[in-house]
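**Q** Using the sequences provided together with the hints, build the complete structure.
Residue numbers (mature numbering (1 follows the signal peptide of the UniProt record, and there is no 0)): -20 to -1, 1 to 78.
In case anyone wonders, no lab produced these hints; they're calculated from the structure. Bear in mind that the values here come from a model prediction, so they are computed numbers and not experimental data. Beta carbons: idealized from backbone N, C-alpha and C, even for Gly. Please note that a few of the clues may not be correct.
Stated by the list, open to error - Pair by pair, the computed Cβ-Cβ distance ranges are:
no., residue 1, residue 2, range
1, Gly35, Phe76, 31 to 37 Å
2, Val42, Asp14, 19 to 25 Å
3, Val42, Ile(-15), 43 to 49 Å
4, Thr21, Thr(-19), 57 to 63 Å
5, Arg46, Asp14, 31 to 37 Å
6, Arg(-16), Thr19, 47 to 53 Å
7, Ser23, Ala49, 14 to 20 Å
8, Arg(-16), Gly77, 31 to 37 Å
9, Gly77, Arg55, 18 to 24 Å
10, Pro12, Gly77, 15 to 21 Å
11, Phe76, Ser23, 26 to 32 Å
12, Arg55, Leu(-17), 48 to 54 Å
13, Ile28, Gly77, 15 to 21 Å
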Amino acid sequence: MTRLRIALLAACLTGLTACATTGGSGLPEGVPADAEQVTRTESNGDQITEYRIAGQLRAVQVVPSRGPAYFLYDRDGDGSIDGDRDDVPQTYFKLFGW
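**A** Structural data, given as structure tokens:
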């Protein structure tokens, strides 16, 4: 009975630590905290946030009026969002977050 209580307590504590937040910067992956953010709202209600470093576009976050938010990145550093050149989808969805 004591082992069951210890196991149950350990499971509860593990669950609580999984819910703990680290207080991240809220920026897309690979974008430093000093990036300049410009947000605009399109006529259809989509909210677009551009992240620039020294004037060069590095990432774009799109929050559509319907559906999940997604990110587009400039992986090669040329200042433009990467397309489907490599036959790899370039849209990245954030599935979980606290």
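**Q** What hint numbers does the structure not satisfy?
**A** No numbers; nothing is violated.
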